[in-house]
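Participant: Please put together the full structure from these sequences, using the hints given.
Chain order of the listed sequences is A and B.
Sequence positions in the first sequence follow this note's numbering and run 337 to 485.
Sequence positions in the second sequence follow this note's numbering and run 4 to 389.
To be clear, the hints were calculated from the coordinates, so they are not data collected in a lab.
It is possible that part of the hints are untrue.
[Stated by the list, open to error] Simulated restraints on C-beta separations:
| # | chain 1 | residue 1 | chain 2 | residue 2 | range |
| --- | --- | --- | --- | --- | --- |
| 1 | A | Thr409 | B | Tyr66 | 36 to 42 Å |
| 2 | B | Lys196 | A | Leu347 | 53 to 59 Å |
| 3 | A | Ser345 | B | Ile217 | 57 to 63 Å |
| 4 | B | Lys319 | A | Gly371 | 29 to 35 Å |
| 5 | B | Gln192 | A | Glu426 | 55 to 61 Å |
| 6 | A | Gly356 | B | Gly342 | 39 to 45 Å |
| 7 | B | Ser221 | A | Ser342 | 51 to 57 Å |
| 8 | A | Glu426 | B | Pro258 | 36 to 42 Å |
| 9 | A | Ala368 | B | Gln192 | 54 to 60 Å |
| 10 | A | Gly469 | B | Lys319 | 24 to 30 Å |
| 11 | B | Ile67 | A | Asp365 | 53 to 59 Å |
Here a beta-carbon is modelled for each residue, glycine too, at the ideal position from N, C-alpha and C.
What follows is the residue order along each chain.
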Amino acid sequence: MQELKSKLSELLPSVIYEEGTEWLTVVADPAAWKGFARQLRFTPDLDFDFLFCVTGVDWKTHLSIVYHLTSTTQRHTIVVKSKLDRNNPEIETVSDIWRTAEFHEREAYDLFGIKFTHHPDLRRLFMTEEWKGWPLRKDYEDPVNMIKL
Amino acid sequence: MLKILNTNHSQLTTHMFEEVATTTEGDLVINVGPQHPSTHGVLHLLITLSGETIKNVEPHLGYIHRSIEKMCESLSYRQFIYVTSRMDYLSSHINNHGCALCVEKGLQIEITPRARVIRVLMDELTRLASHQLWWGAMAMDVGALTPFFHAFREREAINDIMEETCGARLTMNYIVPGGVMFDLHPNFQNRVKEFIRFFKTKIDEYDDLVTGNIIFQSRMKRVGYLSKEDAISYGCTGPTARASGVSCDIRKLYPYEVYGNLKFDEIIETGGDCFSRYLVRMQEMRQSLSIIEQLIDNIPDGEFQTKTKAVLKLPKGEFYSRVETARGEFGVYIISEGGTTPYRIKFRSPGFSNLSALNHMAKGHKIGDLVAIMGTLDLVIPDIDR
Chain A
337 MQELKSKLSE LLPSVIYEEG TEWLTVVADP AAWKGFARQL RFTPDLDFDF
387 LFCVTGVDWK THLSIVYHLT STTQRHTIVV KSKLDRNNPE IETVSDIWRT
437 AEFHEREAYD LFGIKFTHHP DLRRLFMTEE WKGWPLRKDY EDPVNMIKL
Chain B
4 MLKILNTNHS QLTTHMFEEV ATTTEGDLVI NVGPQHPSTH GVLHLLITLS
54 GETIKNVEPH LGYIHRSIEK MCESLSYRQF IYVTSRMDYL SSHINNHGCA
104 LCVEKGLQIE ITPRARVIRV LMDELTRLAS HQLWWGAMAM DVGALTPFFH
154 AFREREAIND IMEETCGARL TMNYIVPGGV MFDLHPNFQN RVKEFIRFFK
204 TKIDEYDDLV TGNIIFQSRM KRVGYLSKED AISYGCTGPT ARASGVSCDI
254 RKLYPYEVYG NLKFDEIIET GGDCFSRYLV RMQEMRQSLS IIEQLIDNIP
304 DGEFQTKTKA VLKLPKGEFY SRVETARGEF GVYIISEGGT TPYRIKFRSP
354 GFSNLSALNH MAKGHKIGDL VAIMGTLDLV IPDIDR
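Facilitator: Right, dumping it as structure tokens:
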């Protein structure tokens, strides 16, 4: 983890780290995310080629999106978080860098309403097209299909 | 052809019409599923065909979406385990295991050596049962009906063993935070040994019956090719990725419980086609048998559960644990605010990512091959829809 941190600090001195986590956690600005993602993927020393988890989180005041990345060659893992505006959550897609992101981003759009700009096919994934609301947001209420206990 | 698609059926939503508009004249768009025997569940595929050749496969998900992640937000750390058995129901032990590991990571508790071994034994028996079912269904998909009955006969033996110890045959809920729910049934060791003897002869029979079969091989070889780079990019894990030469076995890379002390091989094939994926699973069954053999006589004595508080409270923070299910990497990501329920929980299911590679693999093949490709992906739909 320290090794990765020093590699990353050399390359991108302005990165903000989050402390006390299992894996190296980085906070990225949504506007800078796409460029950062490219660097993570294509810098030979970093080579994060495997995106294994994309998670949306509703923090009530804002939304955030968490990317879990690992490298199959270097065997290191990084977590990238990005803070999004709750009323208009928008972030650039990374589906052209990691193909798996296409499905994962559709899921995050479907359940949280996060818009991924330039996504090739941003539609509802689990819900029907005409579904109203974003089910995994904390203020979502559905009196018909009860999912809260 | 287009006439069929213009019917005003309530299920056809607006985007389907748009898709039809982008296909060229003479293309045929057909639905496979949601109720089709070869999809093994309620998976709905919208396939664009040019003649018999596949141009595009688009999965439509959500037919059994139950919003398990939202449900878990109102369930305590003891309760949410039960819901996870219902995701990948063929790997229910391993799903429970992943969740229990994540909660234990948060609570920073160590479990007893006995519980560790029991967990691994159960995981491997589940993996065997899952691969057996896959093998039978796979052969059935490509037209051989008999293997299905062979597979179910052997799987029944595992289910009986499970039933004795866990009280359930499918949704086990046996592995819980702190250890396992009950101690092993007194018959467990003998019955497992008996099963190993029995299954060792059967697995050779599996090979004789299907693996060497020339018709089967010609259906599988050079079909559904997935390169190593694509497998990584699509986030594939498990046998699907290992057949393309990606080393991704969590049991080897990030050993949990007693996997670090066991002798077993990570099966890697480099063919990337359906037959390679078939071979990986067949060899994994033998590896699982070897793991069970190593452990069955060496179950340590002691407690099967560590004492934990009645109400579990995870400290504020984030916890991620990963385990290897029969289908690939299963991840549990818990964000806790310090309460008795998770603030947010995310399940990274292997089937979801593996399915996203389906379109890439099926393009350019004949429609008959799609069934073989889907079979080797070993999809379990509740695992994808959650």
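Participant: Compare the structure with each hint and give your call.
Facilitator: Hint by hint, here is what the structure shows:
no., hint, in the structure
1, Thr409(A) with Tyr66(B): 36 to 42 Å, "holds (38 Å)"
2, Lys196(B) with Leu347(A): 53 to 59 Å, "holds (55 Å)"
3, Ser345(A) with Ile217(B): 57 to 63 Å, "holds (58 Å)"
4, Lys319(B) with Gly371(A): 29 to 35 Å, "holds (32 Å)"
5, Gln192(B) with Glu426(A): 55 to 61 Å, "holds (58 Å)"
6, Gly356(A) with Gly342(B): 39 to 45 Å, "violated (19 Å)"
7, Ser221(B) with Ser342(A): 51 to 57 Å, "holds (53 Å)"
8, Glu426(A) with Pro258(B): 36 to 42 Å, "holds (40 Å)"
9, Ala368(A) with Gln192(B): 54 to 60 Å, "holds (58 Å)"
10, Gly469(A) with Lys319(B): 24 to 30 Å, "holds (28 Å)"
11, Ile67(B) with Asp365(A): 53 to 59 Å, "violated (38 Å)"
Hint violations for this structure: numbers 6 and 11, all remaining hints satisfied.
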